[in-house]
Amino acid sequence: MLAVIDYGMGNLRSVTNAFSGLGCDAFIARQPEELRRAEMIVLPGVGAFGDGMDNLNAAGWTNALEQEVRVVGKPFLGICLGMQLLATTGTEHGTHRGLNWIPGVSRRLNTDSDPALRLPHIGWNDVHFLKHDGLFDDTKEFDTFYFVHSYILVPEDTSVATSFSNHGEDFITTVESGNIFAAQFHPEKSHKAGLRLLGNFLKTAAKSACLRSA
Amino acid sequence: MLKKRLIPVLLLQNGLLVRSESFRIHQVIGNPIHEVKRFSEWTVDELVYLDITRDEKYDLRREDHKVRGLDDPLSILDEVSKTCFMPLSFGGRIRSFNDMRQRISRGADKVTINSAGVKTPDLVTQGAKVFGNQAIVASIDALRHPDGKHEVFIEGGRVATGMAPADWAREVERIGAGEILLQSIDRDGTGRGYDLDLIHDVASATNIPVIACSGVGRYEQYAEGIKAGASAVAAANIWHFKELSDRGGKRALAKAGVDVRQ
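Just so you know, the protein sequences line up as chains A and B, in that order.
In terms of this note's numbering, the first sequence opens at residue 1 and continues consecutively.
In terms of this note's numbering, the second sequence opens at residue 215 and continues consecutively.
The hints are simulated quantities; they were obtained by calculation from the structure and are not laboratory data.
Remember, it's a predicted structure, so these values are computed and weren't measured experimentally.
One should not assume that every hint holds.
To be verified - Taking lysine-lysine and the DSBU-like style, the derived pairs with C-alpha atoms no more than 30 Å apart in a straight line are: (1) LYS192/A with LYS456/B; (2) LYS207/A with LYS333/B; (3) LYS363/B with LYS192/A; (4) LYS333/B with LYS363/B.
Start from the sequences, fold in the hints, and give me the full structure.
Here's what the structure looks like:
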């Protein structure tokens, strides 16, 4: 069973629909306790960094996530804001503390290099893969995914990066660290390329579940 | 590189899809959910869904459409989001913060705000703060007067505001909108092509993406909108009355040298 966290930040329906469409038993978790019965956890979300963290902290999600993802080691996928919140700090509308699972900062994309570029970065952009297993099993060199954001996660240790794109600057579009995966783009809104990535997450998660129980 | 987007616009009126002309004449053309499914299968870049109903009567119980029990825009959105693995903007009749929240939690990625943004600009700011700028699309309806000047209208094109579109565009960006959906009242449904001066004025006044809409009658006209400064080109009627309208539109854009997602 896969839990999609409802912490009041945006469109959960499409993430849940996408996983259900792949034949996965996905549910929307409204209480932190519900994460206990989940085998996989997805943190979606659009919105501002500060509000996102406030909502996670206020409802007790932060502790539950620490326990289930970091201690127990359940496969985790952060999407969009759910990726940015993994940083140590976020700089959207002031400075805020993040989950600090991927040490680094979430900051605004820098498009100064080309005055014709607009922010938010909205639309389909090429994502270049740095690996072709795990989330990117069965992929070509690159594919197009849908983005809607102005901020990016910049990790201190760039070896966690598994793909990148460019909008004014090269930026990291996915990260992977142990059981923690995250994407800045929206796989659930990226038609076939996105559904393939979500399917690969399920496969990877299933493998790690076997290892954990072994 | 970021691709230029090609976007179908669906207009919902009293629970049924309609085509529109000059913002005044509306003709029923089909079922609000089947069309979305078709676009999703075509893997179109994105979808804009606007509810232009002016009273509270939603009627999806007509036998010829075979969908029962969808009597409000939110249940339509519920159904739409089930078959929509692509970005969805949902707009029309959004009057409050709660209206925005409901639409986003039920499957919309973005909400478009028009009249309410003019009357209560705080709503744009509040929405942007909670959902992020990228989730708030300011929809601007402009009319070209006989002297060539443009003016912003609200309430479905019925109420003049006295504002120039470029000024209002600058303002919506300042108060938090992440994108502009730009419609031309006098080009709507005419097939004469975009109002290129309007697109140019608004796109050069702002730094946020502008989605051009209204007037497309031939695929070749999409590229003109991009050249005038739009980041995305949208249309409504041409998607309903031509076969393979996504492929055709993309091909025409690529032929004109525009970088699109194939």
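Hint check: LYS363/B vs LYS192/A, CA-CA at most 30 Å. Holds or violated?
Answer violated: LYS363/B to LYS192/A is near 45 Å, above 30 Å.
Check whether the Cα positions of LYS333/B and LYS363/B lie no farther apart than 30 Å.
holds, 22 Å
Against the 30 Å threshold, does the CA-CA distance of LYS207/A and LYS333/B hold or violate the hint?
violated, 54 Å
Is the Cα-Cα distance between LYS192/A and LYS456/B 30 Å or less?
With Cα atoms ~25 Å apart, LYS192/A and LYS456/B stay inside 30 Å; holds.
Violated hints for the displayed structure, listed by number in ascending order: 2 and 3.
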